[in-house]
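Chains as they are written, first to last, in full-length UniProt numbering: chain A, 1 to 224; chain B, 1 to 224.
Worth flagging that the hints you see were computed from the coordinates, not collected in a lab. Please note that a few of the clues may not be correct.
[Claimed, not checked] Here are some chain A residues pointing at chain B (derived, C-beta under 10 Å):
1. P54
2. G125
3. D131
[Claimed, not checked] Straight-line Cα separation of at most 30 Å, DSS-like style, residue types lysine-lysine; simulated pairs:
4. B:K51 / A:K143
5. A:K143 / A:K154
6. B:K137 / A:K51
7. B:K143 / A:K137
8. A:K154 / B:K51
9. B:K45 / B:K220
10. B:K51 / A:K137
11. B:K45 / A:K143
12. A:K133 / B:K143
13. B:K137 / A:K133
14. B:K137 / B:K154
15. B:K143 / A:K51
16. A:K143 / A:K201
[Unchecked claim] Now the stretches of chain B that chain A is said to cover, found in silico as 3 or more residues with beta-carbon under 8 Å:
17. 2-11
18. 145-155
Here a beta-carbon is modelled for each residue, glycine too, at the ideal position from N, C-alpha and C.
There are 2 protein chains.
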Amino acid sequence: MTLTLYTFDWLPEFPRGFVRDLRVRWGLEEIGRSYQVATVPAHPKSAEHRKLQPFTQVPVIQDGEQTLFESGAILVYLCEGTPLLPDDRKAEIWQWLFAALNTVELSVMHWVSMILAERVPEFFGPPPAADVKAHAKADMDTKLTALQQALGDKEWLAGDFSVADIAMVEVLRVVAAEEALDAHPHLAAYVERATSRPAFKKAMADHMQHWQTADAEQAKRSTG
Amino acid sequence: MTLTLYTFDWLPEFPRGFVRDLRVRWGLEEIGRSYQVATVPAHPKSAEHRKLQPFTQVPVIQDGEQTLFESGAILVYLCEGTPLLPDDRKAEIWQWLFAALNTVELSVMHWVSMILAERVPEFFGPPPAADVKAHAKADMDTKLTALQQALGDKEWLAGDFSVADIAMVEVLRVVAAEEALDAHPHLAAYVERATSRPAFKKAMADHMQHWQTADAEQAKRSTG
Chain A
1 MTLTLYTFDW
11 LPEFPRGFVR
21 DLRVRWGLEE
31 IGRSYQVATV
41 PAHPKSAEHR
51 KLQPFTQVPV
61 IQDGEQTLFE
71 SGAILVYLCE
81 GTPLLPDDRK
91 AEIWQWLFAA
101 LNTVELSVMH
111 WVSMILAERV
121 PEFFGPPPAA
131 DVKAHAKADM
141 DTKLTALQQA
151 LGDKEWLAGD
161 FSVADIAMVE
171 VLRVVAAEEA
181 LDAHPHLAAY
191 VERATSRPAF
201 KKAMADHMQH
211 WQTADAEQAK
221 RSTG
Chain B
1 MTLTLYTFDW
11 LPEFPRGFVR
21 DLRVRWGLEE
31 IGRSYQVATV
41 PAHPKSAEHR
51 KLQPFTQVPV
61 IQDGEQTLFE
71 SGAILVYLCE
81 GTPLLPDDRK
91 AEIWQWLFAA
101 LNTVELSVMH
111 WVSMILAERV
121 PEFFGPPPAA
131 DVKAHAKADM
141 DTKLTALQQA
151 LGDKEWLAGD
161 FSVADIAMVE
171 VLRVVAAEEA
181 LDAHPHLAAY
191 VERATSRPAF
201 KKAMADHMQH
211 WQTADAEQAK
221 RSTG
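With the hints as extra help, turn the sequences into a complete structure.
In structure tokens form, the structure reads like this:
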């Protein structure tokens, strides 16, 4: 059965490499499942998109009769029972999956959205004062210090590489892109280790190719 | 086998009624499973606590050999296969569980932590300027409007009452406490419906009794 992954039709440069269809592409490459890509308009959002995804976010998948959104839920759905989410380690993997997408991402996005407000205020709103950002940064660093200590010398969070690592690394890549992961060298090495995997490289290449194709199509339309 | 739920030994008034052991107590009451409560010191945090929970948060559970943190993972672990997370609706329940704990909670906590900074700056840092808060509020309201539309006339998010409703209602209760849910009357009714359940009432009563007992013990110690 063909699996369809929805992402946006086009986006500006700044979110490319970080749009959440990448998390799902990565998981699909890891488990060796093929898929096709479909798009929804990024701007303006469509009623069809809202029917698929009430928050007009991506990704969404369609797998036969099953339509599903939220990258965390999609990863669980696709990978349950595979080596990325085997039954005998599932509780620990869930634990780290929620740690990534709740505990760590809440702190990371609280700070990152303040930083991005300086660059893209039309999207992220007016930038907060320096002391507000500094507090958010300190809160994030407390979480990252704790995470680094919990990871210790382990290669991955919960035994072998799992969906929890996909989620956590995708959250940490945002920190790394803001050059704020250097203070946590074990986490930087963890991200490096994960993003060296062939499945990540393939997923990222396909993700970036999608935007390049979208650019080319847009250029064709504007000159056509 | 006795299940142990860890929460803090004592907390000031403001977070009571919202500490995340409540989410787990609620789930346990719904499935009719008994448990005992153990505590970790809220301040200063202990090395024993960090061994149980790397971010020194609560809740943590111990169930025989299984120690587990992250309230989302604990709810899945405890409720898998029960009417709160039955196999035949699990993908949809996972979807709404992550919608609650990632999409909605990220926006809610981004705004609420700015509001709480006015009241408890020693914990939440310096309060941001009014325009920064207004942008965070608008972002949250966009999510809540979309959620209300997705809920529509349904009683619960994914068929019968599920762990996704526990998570979503616990996130929305924070908004309601800041009197910001009135603009979304269907969500306010949803919270009212959920918190009228006997399992919620029992969980909340036990949660509040825990702090009252802690107050009494602290008073005893200080006069003893």
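Status of each hint after checking the structure:
no.	hint	verdict
1	P54	4 Å, holds
2	G125	3 Å, holds
3	D131	5 Å, holds
4	B:K51 / A:K143	15 Å, holds
5	A:K143 / A:K154	18 Å, holds
6	B:K137 / A:K51	24 Å, holds
7	B:K143 / A:K137	25 Å, holds
8	A:K154 / B:K51	16 Å, holds
9	B:K45 / B:K220	22 Å, holds
10	B:K51 / A:K137	24 Å, holds
11	B:K45 / A:K143	14 Å, holds
12	A:K133 / B:K143	23 Å, holds
13	B:K137 / A:K133	18 Å, holds
14	B:K137 / B:K154	26 Å, holds
15	B:K143 / A:K51	15 Å, holds
16	A:K143 / A:K201	27 Å, holds
17	2-11	violated (count 0)
18	145-155	holds (count 4)
Violation of the numbered hints given earlier is confined to hint 17; every other hint is satisfied by the structure.
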